[in-house]
Structures are given as C-alpha cells and as structure tokens.
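Engineer: Listed below are the residues making up each chain.
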Amino acid sequence: MKALLKLFWVEFKLYLRQPQAAFFALLFPLLLLIMFGSIYGNTPSPFFGGRGMVDVSTPAYIAIIMGSTGFLSISIIVSAYRERGILRRFRATPLRPAAIIGAQVGVNFVMTLAGTLILVAGARLIYDMRFGGAVGAVLLGFTLSTLSFFAVGFVVASVSRTARVAQMLGMLLYFPNIFLSGATVPKEIFPPAMRSISRVLPMTHVVNLMQGLWIGEPWSKHAVEVAVLAGLLVVGAIVSAKTFRWE
Amino acid sequence: MNAAITVNALRKTYGRLTAVDGVGFEVRSGEIFGMVGPNGAGKTTTIECLEGMRSPDSGDIRILGLDPRRDGYELRQRIGVQLQQSSLPDDLKVWEALDLFASYYRKPAPWAPLIGELGIADKREARFAKLSGGQKQRLFIALALVNDPELVFLDELTTGLDPHARRAMWNLVRAVRERGKTVFLTTHYMEEAEQLCDRVLIIDQGRIVALDTPEKLVRGLQAETRIIFTAEPGYDPAPLRAVAGVTRVDTAGGKVTVSGGGDRLVILVVNALDAQGARFRDLRTEQPSLDDVFMAMTRDEMEPAGSRGAAGPAGGAR
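Chains A and B, in that order, are what the protein sequence lines are. 1 is the number of the first residue of the first sequence in our numbering; add one for each residue after it. 248 is the number of the first residue of the second sequence in our numbering; add one for each residue after it.
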C-alpha cells in the first residue's frame, strides 16, 4: 500500500513534468470550448434541443479528455516503460504488478477529473453553462467511461512493441474518435453515412451518455451506452491482463 | 558454512539454442562470487534465473533457502539486483528513485549514506536523463542496496565506468561483504574478477569450464612466465636455450622473449645474460593471470562456435 501511494505520487509528478500530456488533458478542452464558444456563444437554439452550444459541448469535450488520457497517455507510458526496461527494473523488486497498473489508473483518473473540472469551471464562469443533471449520476457515468477507455489504453500498450507504435495506434484511436463521435463537432450536423460510422466508435457512446446524464436523462435511456462501455471495460481488462508483458 | 545459492543441473533453451546446459554450483554465504565468460556464454541467463526474472526449463535453484519461482516475492524482499539493461523514467529525480524503491521493502536501509559512498550525493535533485552513464550505473547500485539485502546480484557492475569509478565500486563491493553480505557478480574484466572475487566461475557455451579461487585457477593453468627484453643488434640468444627451466626463446626484431618455468627462472636468465656480456634494456616479466586462464579455457568469440580445441581445465597452456 505504501509502495502504491508512493508510486502514485511519483507518477503524478512525472505526469506534470511532461508538458504535452498535461496540456492535452488539462487545457486543450477548455481552449477548444473558448474557441467555439467565441464563435457560437451559448445562446439556446432549437438545433441543440433548446440548449446552447456550450451546454452540449461541455459534456462532449469530457470524452476528449478521456481519449487523451486513456488512448494516449496510458498506452504510451506503459509501453515506454516496457521498451526502456523500467518495468524490468520494477520486476526485480517486490513491487506487485497491480501497484504499477493501479498507479497509472490513479494518476490518469485524477488528471481526467482535473481536466474535466477545469473545463466545467471555465464553461460555467465564461458561458454560464446550464446543468440539469445529478452530480452523482454524472460522476458514475464519468467513472465508467474513463475506466473503459483506460482498459483500451492498456490493451494498446500490450500489443505495441514500442512506445512509438503505441503512440501511432493511440492517435489512430484518438483522432477518428474525437472528430467522428460528436465530441468536437456536434453529431447533429453529420450526414447519415457519417452517423453510422459514428455508431461503432466507443467515444460516441461516451458522448451520448455524458450529454444525456448532463441534462438529467434517466439511466434507462442509456442502457446501450452503459452496456457497450461496461463490455469494453471487462473485455479490455481481461485482454490486457492476459497480454501484459514485462519486457 | 551454509550456502547462499545452490544450483543444480540448471538448463535453459531458447528455441534450438541451449543458453545454459546443466550448470550446478554453490555460493557460500559471505563470499564475493564472480561469473565470467565470453558474450553469449550464458551468464545473463544464469543470473536472471537466480534472480527469478526468468524461468529455467529444468534444474533446481535455492536462493537463501527459497525457490525463486515459488517464493519470488519473499526472495525479492531479501535480495538486491543490479540489471545489465534497465532504465528509469527520464524525469525521475535521483532522490525520488531512492525514496520510491525504498518504499517497496519491509526493511529499507537509509539511502543518504549510500549515495554518499557512491559519490552521487550532489546529484540528489538531478533527473535520471541528465545523469552520465557512470552516474546512472551508481544509482542502480544504490537501488540494488536500498533494502540492505542479504545477497546482491551485480550484472556487469563496472561496464562503462572509468578506472577511478571502477576502483571506488570495488571498494564498495568489499564494504558490502564486510557487512556480512553475499555478492554474486558477473564481469567482462578479468582484472576485476581477480581483484575482487573469492571464487570465480568460468562459463562457456552454457557449461561451467572452471570454478575456483583466482590463484588456483592461474596456478592450474601451469602457464609459463615470459621474460621480454630488447637486445643490441647482433645479439645471439642461443645460449639462453641452455638455461635451466627455459622452454623457448623467440626473437622478433630486437625483442627477445624467453618463456619458461621454475622459481629461479628470472635470476638464471639475467645471470646468463650477464655471463654473455650482453647489453639489454627494457627487461620485464609477464606472469600468467586470470586473463590467460580465460583465454585458454573459453572459445574465441571471433571463431565459429565448436572450433575450440581440447583446451580443458588442465591442459590450458598451448
């Protein structure tokens, strides 16, 4: 336990010492919001079901943060640790594998949450973002979504021989997901063909779930999203546990 | 005296390659035990099996009475390991690494004196990526000692260090042993093995070819002493062949090499030179060393495997 906490704290500091990862998780979504917000404002519009652009974008951008920590940070860090022999060095100590995984999950979860809070605070302060949901439900949906993306990140780390490959695979997940899921560009403007592509992307389900919980829709309306994300989490966790390699 | 390490009939193959082929030996508690051998001889595979980093195909290993495969966690609490290839995160500071690794163990040792002894105390705040090769090496040694282990594995501990740092490392290893610990090390430097180790195991092509104290290994080689000097032009070395103990005299340019054995060889040769009235300079003698033992007993890496002659432990001298 002492080792896990220490490792978590060290990984936390290491995360903040890498400016690019911290930027994409903590600041990029807020900058995106300010960019689009300065163009469209947050005036309610029938196009967004009587809400403003910022109201619907804020929960959607949270999915972008999860993509950056799950698809990119976790996969790149874990595969780099393996490639460079850092996992090998850890393995020669009594440190348990669960602590290594736990520390990564913990740090990236905290960063995802911090990026979300920064985003929400900005949306609230600058655009007076409206929120009609229950905080507990949103946090639950947030946790499920985040962990399922982390599971994908660990699978990417397992199948990647090097950090470079992990980065490439991570980007191949990250960019289509953020652009085609409705996370950056509202799905409302998508032509039908793009909507069907959108449906197979995991981030689409995160966006739907977060946007729904954000306005207080019941869980029953999002059984599909919950099933997909829970499935992704379970399968991802099993696959990454089976394929985990120290070197 | 009880054994810190007992190995029996250890075997490990990778596909068709047999890396370790029936190795068995014992390391006594409190000794500095060295393993040497050419590249690819099976050193790292052996040490990694002992550390529990690798599973052997067959054979029996006991480390501090534990089975590395079954009691891996308990074993890693009690041993220290310095790996040949490993790394730390670039942005991790020296003190953070030590503090982190110390937290992995039930009974960590205070690490501040450790980095003092290793000469990296002033690097406490430095990030891993900013350390020189030698400083990284010393940090890894410190990490191997951070749990005050009963047994330390050091895989090529001085590779990449300058002569000063190497000697400092030797002193540190001796100090570790003074505290009653056992040290198992591998090295490429025969001088290091000779200086540091109580006993040396020579491994080649996955098999043990010799295991003894450095002195006995050198003596067992029965290699000849060589006397080398530069003579004046026109000097006739023929009379030296008659000197007792001399087996061979070679001349190349003005340089004469007299080979032979016997306690009085040097005196007899110099007396013979004096009696001849010969004028010579730059006279020096070469004693056989562990290097000669190594060269005689192991395959030349530059030659294809298996072309080695019958240079067994006894008939080393050619």
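Worth double-checking, as some hints may not be accurate.
Mimicking DSSO-like on lysine-lysine, the simulated pairs with C-alpha atoms at most 27 Å apart in a straight line are [to be verified]:
id, chain 1, residue 1, chain 2, residue 2
1, B, Lys-463, A, Lys-13
2, B, Lys-502, B, Lys-463
3, A, Lys-6, B, Lys-463
4, A, Lys-2, B, Lys-502
5, B, Lys-354, A, Lys-2
6, A, Lys-187, A, Lys-242
7, A, Lys-2, B, Lys-383
8, B, Lys-502, A, Lys-6
9, B, Lys-502, A, Lys-13
10, A, Lys-13, A, Lys-2
11, A, Lys-13, B, Lys-377
Derived DEER-like restraints, expressed as beta-carbon distance ranges [claimed, not checked]:
id, chain 1, residue 1, chain 2, residue 2, range
12, A, Pro-19, B, Ala-368, 44 to 54 Å
13, A, Arg-17, B, Gly-363, 50 to 60 Å
14, A, Pro-97, B, Gly-287, 28 to 38 Å
15, B, Asp-337, A, Pro-44, 26 to 36 Å
16, B, Glu-372, A, Thr-43, 25 to 35 Å
17, A, Pro-19, B, Gln-332, 50 to 60 Å
18, B, Ser-302, A, Gly-49, 57 to 67 Å
19, B, Ala-368, A, Gly-102, 31 to 41 Å
20, A, Phe-47, B, Ala-376, 22 to 32 Å
21, A, Met-194, B, Pro-355, 49 to 59 Å
22, B, Asp-337, A, Phe-47, 31 to 41 Å
23, B, Glu-372, A, Pro-97, 29 to 39 Å
24, B, Asn-255, A, Met-168, 23 to 33 Å
25, B, Pro-355, A, Trp-219, 45 to 55 Å
Covered stretches of chain A, going by a simulated chain B footprint (3 or more residues, C-beta under 8 Å) [unchecked claim]:
id, stretch
26, 51–60
27, 235–242
Calculated directly from the structure, the hints in this document are not laboratory data. We put the CB at the ideal spot given by N, CA and C, even for glycine.
Engineer: If a hint holds in the structure, say so; if it doesn't, say that too.
Structural biologist: Hints, one by one, checked against the model:
1. For a cut-off of 27 Å, the pair hint linking B:Lys-463 to A:Lys-13 is broken: about 54 Å separates their Cα positions.
2. In summary, the hint linking B:Lys-502 to B:Lys-463 is not supported, as the alpha carbons are separated by about 31 Å, beyond the 27 Å threshold.
3. Among the hinted pairs, A:Lys-6 with B:Lys-463 is inconsistent with the structure: their alpha-carbon atoms are about 49 Å apart, more than 27 Å.
4. For the hint pairing A:Lys-2 with B:Lys-502, the CA-to-CA distance comes to about 68 Å; that exceeds 27 Å, so the pair is violated.
5. Between B:Lys-354 and A:Lys-2 the alpha-carbon distance is near 13 Å, which keeps this suggested pair within the 27 Å criterion.
6. With a CA separation close to 36 Å, the supplied pair A:Lys-187 and A:Lys-242 exceeds the 27 Å bound.
7. For the suggested pair A:Lys-2 and B:Lys-383, the alpha carbons sit about 25 Å apart, so the restraint of at most 27 Å is met.
8. Proximity of B:Lys-502 to A:Lys-6 is assessed by CA-CA distance (about 65 Å); at most 27 Å being required, the pair is judged violated.
9. Simply put, B:Lys-502 and A:Lys-13 have alpha-carbon atoms about 65 Å apart, too far for the 27 Å limit, and the pair is violated.
10. This hinted pair checks out: A:Lys-13 and A:Lys-2 have alpha carbons roughly 17 Å apart, not beyond 27 Å.
11. Proposed proximity of A:Lys-13 and B:Lys-377 is supported: the alpha carbons are some 17 Å apart, at most 27 Å.
12. The hint said 44 to 54 Å for the Cβ distance between A:Pro-19 and B:Ala-368, and at roughly 30 Å that hint is violated.
13. A hinted range of 50 to 60 Å is violated for the C-beta pair A:Arg-17 and B:Gly-363, which are about 26 Å apart.
14. Range check, A:Pro-97 to B:Gly-287: about 30 Å between beta-carbon atoms, so the 28 to 38 Å window is met.
15. A C-beta distance of roughly 49 Å is found between B:Asp-337 and A:Pro-44, which places it outside the suggested range of 26 to 36 Å.
16. Taking 25 to 35 Å as the suggested C-beta distance range, the pair B:Glu-372 and A:Thr-43 does not conform, at roughly 52 Å.
17. Range check, A:Pro-19 to B:Gln-332: about 29 Å between beta-carbon atoms, so the 50 to 60 Å window is missed.
18. At about 60 Å, the beta-carbon gap between B:Ser-302 and A:Gly-49 stays in the expected band of 57 to 67 Å.
19. Between B:Ala-368 and A:Gly-102, the C-beta spacing of about 32 Å keeps the proposed range 31 to 41 Å intact.
20. Restraint check, A:Phe-47 to B:Ala-376: a C-beta distance of roughly 50 Å breaks the suggested window 22 to 32 Å.
21. Restraint check, A:Met-194 to B:Pro-355: a C-beta distance of roughly 57 Å satisfies the suggested window 49 to 59 Å.
22. Taking 31 to 41 Å as the suggested C-beta distance range, the pair B:Asp-337 and A:Phe-47 does not conform, at roughly 47 Å.
23. Take B:Glu-372 and A:Pro-97: their Cβ atoms lie about 30 Å apart, and the range 29 to 39 Å holds.
24. Between B:Asn-255 and A:Met-168 the C-beta distance comes to about 47 Å, which lies outside the given range of 23 to 33 Å.
25. One distance hint, 45 to 55 Å for the beta-carbon pair B:Pro-355 and A:Trp-219, holds here, with the actual separation near 48 Å.
26. Beta-carbon proximity to chain B at under 8 Å applies to 0 residues in the stretch 51–60 of chain A; the threshold of 3 is not reached and the given coverage is violated.
27. Evaluation of the coverage hint for the stretch 235–242 of chain A: breached, as 0 residues show C-beta separations to chain B shorter than 8 Å, against a requirement of three.
Consistency with the previously given hints fails for numbers 1, 2, 3, 4, 6, 8, 9, 12, 13, 15, 16, 17, 20, 22, 24, 26, 27, ordered from lowest to highest.
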